[in-house]
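Asker: As a plain string of letters, each chain reads:
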Amino acid sequence: MNLREHLRDRWVAASVGLTTGVAAVAVILGFVILPVMQSYTNYVGLWDAICSAAGMLGRAPAGAVVQPMQAGTQVVLTPTMLQPADADSVGRGATLALRCTMCHGARGLSEAGSPNLAGQYPFYIYKQLKDIQSGARPSVVMYPLVVNLSDQDMRDLAAFYAYLPRLPGYHPAPPRPRIVVSGAPMRSIAPCGACHGALDYKIGSAWLEGQPESYLLTQLQAFASGARHNDINGQMRVIARNMTPEELREAVAYYAQTPP
Amino acid sequence: MPLHKRLILCHFWLGFAGFLAALVLGEWQMFIRSPLHAWIGDPEWYYRAVTGHGTAMAYVLPTLIAMAVGYFMTETSLQRPLTGVRWAWMGFALALLGTIVAVLPVAAGRASVLYTFYPPLIGSAFYYIGIVLVVLGSWIWVALMSVNLRLWKRENPGQTVPLPMFMNVAGAYLWAWTSVGAAVELLFQILPVALGWRSTIDAGLARVFFSWTLHAIVYFWLMPTYIAFYTVVPRAIGGRLFSDPMGRVAFALFLIVAMPIGAHHLFEDPQVGGGFKYLHSVFTAVVVLPTLITVFTISASVELAGRLRGGKGLFGWIGALPWRNPIMLAVTFSFVLLGFGGAGGVINMSYQLNTTVHNTQWITGHFHLIFAGAIVIMYFALAYDMWPHLTGRALTCYGLMRAQLWTWFIGMLVLTFPWHWVGILGMPRRMAFYDYTDPNLALEAIPVIISVVGGAIVLVSGFLFLAVLISGHRAVRAEPGVYRFSVAVHPPQRMPAALNGFGLWLALMVGLTAVNYGFPIVHLMATPGTAVPAQQVGLLR
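Chains as they are written, first to last, in this note's numbering: chain C, 6 to 265; chain B, 417 to 957.
Looking at chain C on its own, in the form it has when it is part of the complex:
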């Protein structure tokens, strides 16, 4: 059959006609009538309504952009950005780390209540250095030490501390409190280990086991109050805000006493 005969076939005419008809009615309803009838929208004219129904991005209302009250983190982490760390990088990091030893210990293990860095995830160290440098994580102690570091310096420091062995365990782990095991889904609290490494690791989060109790508690309280605000999507602020003081203490005590 040629095209003309095809078009004369009543099956063709009926099926194409019906399909086109249904589509046309749906398009008119979905793109024109329903958007125009929706009284709660603020479309500027018919064309604006049609574009919106098609999924086009609307213009931002002038002057109504809300600026964040604090500078958040600008760091973008990807799984492959720090790999592979070679021996040169670790060596350079070891040299740079000499100025960190006063607080973080000669082998990355602190006796001053500062966080232990030995065996910490490289992503975490790199991101914190970036955030301290940019002001996303304010720190009067760390800022002068970090302000002149280059991007490569930070990668080297991250490689060095990740390379150092964690302190071996010398006592059995305490029983895990409920908030650590299962979180509290009804309050948007995930189990800690879902990001922090015991169950799964989400890049950018820290290794917590064996950290000083006072440091962990201070940081959780800072997240809860918003004084610390460099978590990428605000997830630690939400979690810390929703934890009870009792749960904060239990979680912190558990991690401080668990061998790294």
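Errors might be hidden in some of the hints.
Non-contacting residues of chain B with respect to chain C, defined by C-beta distances greater than 10 angstroms in every case (computed) [as the list claims (entries may be wrong)]:
| id | residue |
| --- | --- |
| 1 | Ala474 |
| 2 | Leu549 |
| 3 | Ala810 |
| 4 | Leu880 |
| 5 | Tyr899 |
Derived DEER-like restraints, expressed as beta-carbon distance ranges [unchecked claim]:
| id | chain 1 | residue 1 | chain 2 | residue 2 | range |
| --- | --- | --- | --- | --- | --- |
| 6 | B | Pro896 | C | Gly22 | 46 to 54 angstroms |
| 7 | C | Ser139 | B | Ala559 | 43 to 51 angstroms |
| 8 | B | Leu611 | C | Ser139 | 51 to 59 angstroms |
| 9 | C | Gln240 | B | Gly945 | 18 to 26 angstroms |
| 10 | C | Gly50 | B | Ala559 | 47 to 55 angstroms |
| 11 | B | Leu841 | C | Gln240 | 48 to 56 angstroms |
| 12 | B | Leu520 | C | Pro170 | 53 to 61 angstroms |
| 13 | B | Val869 | C | Tyr45 | 44 to 52 angstroms |
| 14 | B | Leu611 | C | Ser144 | 53 to 61 angstroms |
| 15 | C | Tyr45 | B | Met847 | 31 to 39 angstroms |
One side only, chain C facing chain B, incomplete, derived with CB under 8 angstroms [as the list claims (entries may be wrong)]:
| id | residue |
| --- | --- |
| 16 | Trp16 |
| 17 | Ser20 |
| 18 | Val21 |
| 19 | Val27 |
| 20 | Val32 |
| 21 | Ile33 |
| 22 | Ala178 |
Hints listed in this document are in silico derivations from the structure and should not be mistaken for laboratory results. Where is the CB? At the ideal position from N, CA and C, for every residue including glycine.
Starting from the structure of chain C, add chain B where the hints point.
Answerer: Quick look at chain B alone, frame taken from chain C:
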């Protein structure tokens, strides 16, 4: 008579092996999330099991069954040996290899991304490569179905294509087109990230591509079931098919309107405009038509069987039906489950009602009713019907078959009704842990326990099914005779060209896809800044 019995049996067995393994995983997931078991402490094990369950049930089982049924139908309905047997074996080898390559990283915890992929989650590249291999194997099957029909048409010019083959090829073409969406997502978006060539992914666009596949894939799963309704059931219960052309119309409608409706899975997604959601919603409503046509035609065919067996009066024919025949039971159960599942589906496709049930256990209940219920129960029936012709042995353990079908039916109802209920209560799906001590969740505890019991009944039924198939391989040798299909009340003499080929329906299918998906895809591809960093799962475990 099927000539390449070993080929068809291999497909069946690979599909059913994946099915049984996934069935065990499914019940385990239900049990450990219920109040009957303490929290397992590691959600990853749950997601690993869900990924395995979904991959086997959604990709391996239906694809292999469709291929097996397709080869069987080709040889028996066209009454000529399958052309391209070597290619068919290659397709099977790809599906087998793909299954193994996909399942290993899942078992190792390196690909717990669920069968729907969920970018920006990214698992091991081998998982996605395995899926691609399974799909490639099925594309060989699609090509073989098309080629065999073409060769038959050349040998039989002007003849009406037998109904089983028409439906079979319609299913193959539907799969070919619907699998393109997920294939594009895998090849151009996910695999480059999984292989480390790229670190960001446009998750919104990926979801649009997956929705292209996600709804019509259900109709691909449905095809063997509907083929059985039309071409096996009336014959098996001693009736006549009420209308042959109606069956063709239903399958032609599936080609057009099953495909461009996937955005109803994206009702809560911001990257698709409300107008397109409405458009897809309208066509989702239209897809009810082919199912209504089928339910009417098959019910009429069953009534004919009842009357031929001496049933009289308005309802007398129902009592006269062969209720001890497993196929009669299967089609009844399938229709009941399809009715409940379809009613739930109409709620899901309604924009506003969907808001209430979106991503709750209601959805899990819905698709288990449709797929695990209405569809898979007919896979059992097809296997029971075809087994003697494949093994050359009698399959006469009717009591066991009836027990299997009854337990599957009851188990499915007990499994899915509580899911619907807790879904309305707001219980989210795909969560590894529920704190039933919370007053807000306490109401869900008892329905969840009931559904675990339903799952256990279904599990028992799965193993009864295995027992039936194995007994079929061990029974005495018996000549099964010629494999026959349903005969229509009015066997078709002259079929309109439109119902004897696919050109018109394929053109409408592609055209409507372009209308419904074209702009959202082009728009998202042209919008800058829509990619997000990929999240590797199982990174440092």
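Asker: If a hint holds in the structure, say so; if it doesn't, say that too.
Answerer: Now for the hints, and whether the structure bears them out:
Its beta-carbon lying about 24 angstroms from the closest one in chain C, Ala474/B satisfies the requirement of being farther than 10 angstroms from that chain. With a cut of 10 angstroms on Cβ distances, Leu549/B stays outside the contact zone with chain C, its closest approach being about 25 angstroms. Every Cβ of chain C is farther than 10 angstroms from the Cβ of Ala810/B; the closest lies at roughly 45 angstroms, confirming the non-interface assignment. For Leu880/B, the requirement that its beta carbon stay farther than 10 angstroms from each beta carbon of chain C is met, with the minimum near 37 angstroms.
The claim that Tyr899/B lies off the interface holds: its Cβ sits roughly 31 angstroms from the closest Cβ of chain C, which is beyond the 10 angstroms cut-off. For Pro896/B paired with Gly22/C, a C-beta distance near 47 angstroms keeps the hint of 46 to 54 angstroms intact. Hint check: Ser139/C to Ala559/B, Cβ distance near 57 angstroms, so the stated range 43 to 51 angstroms is violated. Between Leu611/B and Ser139/C the beta carbon distance is about 32 angstroms. The supplied range of 51 to 59 angstroms is therefore violated.
Between Gln240/C and Gly945/B the beta carbon distance is about 22 angstroms. The supplied range of 18 to 26 angstroms therefore holds. Range check, Gly50/C to Ala559/B: about 51 angstroms between beta-carbon atoms, so the 47 to 55 angstroms window is met. The hint said 48 to 56 angstroms for the Cβ distance between Leu841/B and Gln240/C, and at roughly 27 angstroms that hint is violated. The hinted range of 53 to 61 angstroms is not satisfied by Leu520/B and Pro170/C, whose Cβ atoms lie roughly 32 angstroms apart.
Checked against the hint of 44 to 52 angstroms, the C-beta distance between Val869/B and Tyr45/C comes to roughly 46 angstroms, which is consistent with it. A hinted range of 53 to 61 angstroms is violated for the C-beta pair Leu611/B and Ser144/C, which are about 39 angstroms apart. Separated by about 33 angstroms at the C-beta atoms, Tyr45/C and Met847/B satisfy the suggested range of 31 to 39 angstroms. Look at Trp16/C: its Cβ gets to within about 3 angstroms of chain B, closer than 8 angstroms, so that hint holds up.
Hint status for Ser20/C relative to chain B: holds, with the closest Cβ pair at about 6 angstroms, below 8 angstroms. Below 8 angstroms, beta-carbon pairs count as interface contacts, and Val21/C has one with chain B at about 7 angstroms; its hint therefore holds. Because the closest C-beta pair between Val27/C and chain B is about 6 angstroms apart, less than 8 angstroms, the hint holds. With 8 angstroms as the threshold, the beta carbon of Val32/C comes within range of chain B, its nearest partner Cβ sitting at about 6 angstroms, so the hint holds.
Interface hint at Ile33/C: violated, since its Cβ lies 10 angstroms from the closest Cβ of chain B, which is beyond the 8 angstroms cut-off. Because the smallest distance between the Cβ of Ala178/C and any Cβ of chain B comes to about 13 angstroms, over 8 angstroms, the interface hint for this residue is violated.
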